[in-house]
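Protein chains in written order, with our numbering: chain G, 4 to 173; chain H, 3 to 770; chain A, 23 to 319.
Please keep in mind that the hints were generated in silico from the structure rather than gathered at the bench.
Beta carbons: idealized from backbone N, C-alpha and C, even for Gly.
Among these hints, one or two may not hold up.
Restraint-style ranges between C-beta atoms, simulated for each label pair [claimed, not checked]: (1) 58(H) <-> 248(A): 50 to 56 Å; (2) 442(H) <-> 88(G): 54 to 60 Å; (3) 22(G) <-> 131(H): 34 to 40 Å; (4) 91(H) <-> 283(A): 36 to 42 Å; (5) 765(H) <-> 69(A): 46 to 52 Å; (6) 88(G) <-> 81(A): 39 to 45 Å.
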Amino acid sequence: MNAERAAISLTVNNVRHDATVEPRELLVYFLRDRLGLTGTHVGCDTSQCGACTIHLNGRAVKSCTILAVQANGAEITTIEGLARGDELHPVQEGFRQKHGLQCGYCTPGMIMSSVYLLKTNPNPSAEEIKHALDGNLCRCTGYVNIVESVKWAAERMRGGQKAEGGDVSR
Amino acid sequence: MTTQHAPAGLIGASVLRVEDPVLATGRGCYVDDVQLPGALYLALLRSPYPHAKITSINTDAARKMPGVELVLTGADIDINIPSPVMIPGQKIPPHPALARGAVHAAGAPVAAVVAQTRAQAVDAANAIEVEYDPLPAVVNAEKALEPDAPIAREEIDTNICYRAVNKGGDVDKAFAEADHIVKMHIASPRQVAMAIEPRAAAARPEPNGDLTVWLSTQSPHRVRADLATSLKFPEHRIRVIAPDVGGGFGSKGPLYREYTLASYCALKLRRPVKWTATRSDDFLTVIQGRDQAMTSELALKRDGTMLGLKVRVVANLGAYLCSNTAGPPQRMMAMAPGCYQIRNVFVEVLAVFTNTVSTGPYRGAGRPESVLNIERLVDKAARDLGIDRLEIRRKNFIRPEQFPYKTATGVEYDSGDYEKALDEAVKLSDYDRLIRERDEARKRGELAGVGVSTFVEPSGGAGFESGAVRVERTGEITVLTGSSSHGQGHETVFAQVVAEKMRVGMEHVAIRHGDTMAVQQGVGTFGSRSAVMGGGALALAIEKVSDKARRIAAHLMEASLEDIVPAEGGFAVAGVPEKKVTWRQIAAAAYGRMPKGMDPGLQETVFFDPKREAWGFGAHVALVKIDRDTGETRIEKLVLVDDCGVIINPMIVEGQIHGGVAQGLGEAFLEHMQYGEEGEVLTGTLVNYAVPHATSMPTLTLGETVTPNPFNPLGVKGVGEAGTNGAPPCIANAVMDALAPLGIDHIDMPYTAPKLWAVIRSAERGKK
Amino acid sequence: MFPASFGYVAARSVDEALELLAKHGEDAKLLAGGHSLIPAMKLRLASPQTLIDIGTVQGLRGVRVDSDALTIGALTVHADIAHSDLVRQRVPALAAAAGVIGDVQVRNRGTIGGSCAHADPAADFPVVLTALNASFVAVSSSGKRTIAVDDFFVDFYTTALGQNEILTEIRVPLPPSDAGTAYHKLANPASGYVVVSSGALVRRDGSGKCIDARVAIGGLGGKPFRPAATEAALRGKSLTPEAIADAAAKAADGSDPDDEIYASADYKRHVATVLTRRALAQASGFKIETSHPQNQR
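So here's chain G without its partners, still in its complex pose:
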């Protein structure tokens, strides 16, 4: 068995990284431990909870079930890549406006899945949102306000005026 380290090159949040990795290194640990991008979280060991969700080549995927070597040549966006400086991405703002997070641990993955949904379905129904988030577990919120958050974000991203912001929830 030849467990030699492999050279990989990938782009994460628009920054190119060259590294050598053990084949067994999971992408989620590469992002967290090697690149210090600790916003992507590990919540389970059976590829179910979705706390590790990122975008890889434009698709929402579970980074705990991908080897870093498989991400060679890939373009990756993590939760840290969404906001522009202090300006939150509309989905992040939606989660804030509609109390879509409590402990925040599932939130990065939840947001990445929501952003992915809205890419192809800019006006999802509550049922469509719930199905799109079937791969993301939350234990705190009961999902109710997560659905509202995504709806708020969808409205904002469609250019809606109705999705007003503020510091007090309406």
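Let chain G serve as the given structure and place chains H and A on it in line with the hints.
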């Protein structure tokens, strides 16, 4: 919510959370995110057997593997997890950090490895050879009481940890006089808390000999105390930091073996040591909830008046006592009669050891079991006596004028209006229409049911809580609270209270929590106690600091104390609003020049113990339909009316109810930690243990009543556990109502599709 | 959570992958989407010495029509099959099945070839492909061969593929214009895997009589179960709700499922008849009602 909140001030406003921009951008810092240069990693080897002697351990190969710095077994260390005596005479078998000679639950750590990378530690742990001699195991608590049951803890000669009794009135007389007695056996299924963040510890020895430990914990101070005991290390030289914590639900209250081991290894190696649980680790060693079997009798008059209640609770503690393992059954006892005037009560708890994961508080922590018990009894009584289920409840409710009300179990409910909550739930659910809808569905041959639960829920308690308010030199306000947050939004909610009461903008208030070096001795966040206890301490600390500030203000403005009145951003002279001083000016004086007779400084600390709990309450209503073909259930309507006293932030309160209801629905339909005949773990991962997904949630209708807590400075009560306390019993009653036409009396949760289908088919075949 | 160490090599072509398979022998496994293999490796239930990554091989992705069949590259991910207009229009049951595998993220990585080669008895593709009478194109150093679906799935995690064979293509015959297809699933609420599922392909003539019926049921054994009694009961009959119900009632006849933690054998056998009734009804052109429970996934 039904009440439109349009408060004048911040208390009562749905202020958006200050925590969110950090967490939503992935910049939160959970324990595993903590970067400690030079850190080593801890991995454990765990027992695959529920009960076994360890005949040999060979660590030779492990020690030689790449990156390995330390290998430990139980023979190398004398470290135990402390268990407090909660009940006089309770048996307390050892709880070693690493097994010594025997293991008593699958998952018990047998050896520890510290290595340079996580993977190397796991590789080496897997290379340790352990030989076991399996012993008979017992996993069911009621079976553990049978005469020939295996003894789970062979160090003691019994499976009984303790027996406790709570009684009031004359139960024998009540039962003798009863026209009707309802009997039930109800098992509350074992639950896994499943906080999405697995446990984690990061320990760093300091150059001066102190120890800093980051822990995913709900109770930094209490855990620090237990850590000190287990390490035999001075408590005041340990700093425990709970950074961002990804959920707890009670399960991150106690000290865990791995937390102690990480700390021990860090001290021994003089290097930082990190340990992060896998989800499988957590399934095997985090305290689990419920697993109480209740055999009960309710004695009534023919007209539905409740005369007496007898309950025998067999509580499964698991194999090892964690600090709060003994708690939930106690809680169950105290509130057994619920919101009813039952003057004759006898509750007996037998707390039992088995070869399973330790149990302890899990969202509800004895309350859900208690509510389930009494509400199922009441529903059955209504059915047996032919009395409407709402009427029988109304008839027996404790009345508003009876508060404070001392129950037959010796606790005092502070306030309540149970009739009002039920009326609200009836109104919101359009209850009569639900009944009609159910009846029409039944005519079409469908299985449909309506269920109700009315319940009380204690919050707060568990000792004191602390709050300190410091007006900084600059006039900004820092709060130090023992109520560390793990999702509850304390940094927002407490800031609302301070900002309103001290008349400043929230941006001028910083809430600090979760650090034993910064925050005075506290207790922590669990049992829905933070608004009541942390908020109460905070309100009193604000008063004290304001008192001193007024005196400084009087001096600065050369006015008499009686003429000093609160003003925006500070204080003013009554009738002369332009004569005003700000907090900044007062602070400048406090840290600069103070008049004779006044000490410098502007900070007050309060340790608050009202010596009573706050009794919230509620009423939930549900309509369900069960598909005969598949046993799947659809919730057509779910209405939740909860009373948590004064509401500080309605948005956050709703969020707490949503989350509790989701876990409650999990308990009702999905979740069950199961063991096989030989004690083997059957549901040790998410592949077999089902938790709610977004698609699991029906539409929720929330309502509230507000009955202020007369014994709390803020008038608040807790709400964190409302969803889990009231929803499962409500669903249980609805499902049983749906199955009643088939002659089915009671089945236990979770109401999985296969279980319901089997029961339905069996009943239908029985009828033919 | 941390797989045991292994060697890794990325193949650039099918030929190279075949060479590597021959070179590394029994201790090597192919890596495609990795969503069956990597979870097993993380729990150390599988510890291959070498992974040969064929995810890097070009030309094995995509859905196209090839004379009278849909040709699907083995590395096509489930999401692309579920969303493919071609699949949704021509073979709706295949898109339906692809759309209920796992979740969004899993469907973005898991491949149809990987799923079929893995042959999990609780997977969706083996069932629907059996109903659709698919065939599998496998390549080895001695050439190419086509394996019929009834020969392909042998038992739990066992297919007809040889150690040194690589699945490159799945061919699904395009259902004729007189045919309807459907796929219904009862998922395990924990894992999302199949507890029981039923796929049906029904051909009917102008008078509503059944020309042919092909049914496959998942969850009743180590490989998809063909309910011969159900199929026989339908052929030549008028496709009425009663006839469908009668035929579906036999769906579990001859099967011998095991009890499992979530579902008993009795439950699985019963639900097989329920889902088969629904699948047959839908494939025969009837509208079907389900109860839309929330605790189902």
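**Q.** Violated hints, by number in ascending order, as checked against the structure
**A.** none
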